[in-house]
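Mind the numbering: the sequence shown is residues 122 to 461 in my numbering, read in order.
None of these hints come from the bench; they were simulated from the model.
Keep in mind that the hints are not guaranteed to be accurate.
[To be verified] Derived pair list, reagent style BS3-like, types lysine-lysine, alpha-carbon separation capped at 27 Å: (1) K208 with K388; (2) K271 with K379; (3) K209 with K379; (4) K180 with K130; (5) K180 with K132; (6) K184 with K132; (7) K244 with K208.
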Amino acid sequence: MEEEKNDIKIKLTSAEIASLWSTYMSDSAAVCIFEHFLEAVEDIDARGEIEFAINISRKHIDKIREIFLLENYFVPIGFSIEQDVNKKTPRLFSDIFYLYFLLNMGAGGLANYGMALQLSTRKDTVDFFSKAIYESVELKQRVTNIMLNKGIYIKPPYLDYENEKPVFVEKESFLRGWFGERRTLTSQEVSHLYLNLYNNQLGMTILIGFSQVAHTPEIRNYFIKGQEISRKFINILNNVLTESSIPAPKAWGTEVTKSTSPPYSEKLMMFLVGAISSIGIANYGGSMSLTLRHDLPLKYAKMLAESGSFAEDGASIMINNGWFERPPQSINRRELKNTK
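With the hints as constraints, model all of the structure from the sequences given.
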């Protein structure tokens, strides 16, 4: 007990504050999103996983609030069911989409909490993010098992490895991709293509739904622009797979209903689209660094640049509407000097 008290006296680092703050924002948004899922879901298995996920998010919010209050640090505003969820509106997405959304949440948690844990030193934050990783693993595995049992889980392709053996690359043509005949894709390249396809299909499905229900013309047009970008990226990635005779995963357009009533505030919808854009940017950067064929990093670089521009436009819309909650920031010493 004494050890815990002494540990609390150690100030939070900038990395810990940033990780806790972004987790609070994401989980407060998740609670709102899942609240409407629970109102609309029909599948019993999907309902159980939504309840499991919303309980995780609520526990995270409570713990982060506790840490911030002990530190005398402000608690973010985030999102609330009262202000950001329109109850009793028709469902916008199918039960299958709900499961894919949960799967993405579990996978995203593994990446985000892993980095947060790597940068954490204080015992309470280390314990928090260690537990969050375990919860993400459990959520991902639970949802994966349900989807496998229902036959709706889209797996990456299988490779014929029965007669495979270690081989060293002998020619630099292995790296070629701009000119001449391209080699077939490596398993790592296929993995990243599928990951980026998956995220773009998820993003496009969300954008199709949100463009149906957004009332403000500027925001509706922004969501439509996002659809067009995702559709273009999907075509590019599909073509790369097809060139190597690898089947592309199916599209998800049918998982959006005909509803035109917004289940969420435009502030929350913009935040979610911004979060998906950030995930895409991070994935393109990772894919660039782990891909050997010359043409693929160039494609990812173009996607990264276009996604970054789209995300910046979204941030501007949120700022202009007074919705962009400022992340924790270092002290502006120049501004302090000017106030003297």
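These are the hints, each one checked on the structure:
1. K208 with K388: 16 Å, holds
2. K271 with K379: 24 Å, holds
3. K209 with K379: Holds, at roughly 16 Å.
4. K180 with K130: Given pair K180, K130 holds - Cα atoms ~23 Å apart, limit 27 Å.
5. K180 with K132: 23 Å, holds
6. K184 with K132: 17 Å, holds
7. K244 with K208: Judged against 27 Å, a Cα distance of about 39 Å means the pair is violated.
Hint 7 from the list above is the single one not met by this structure.
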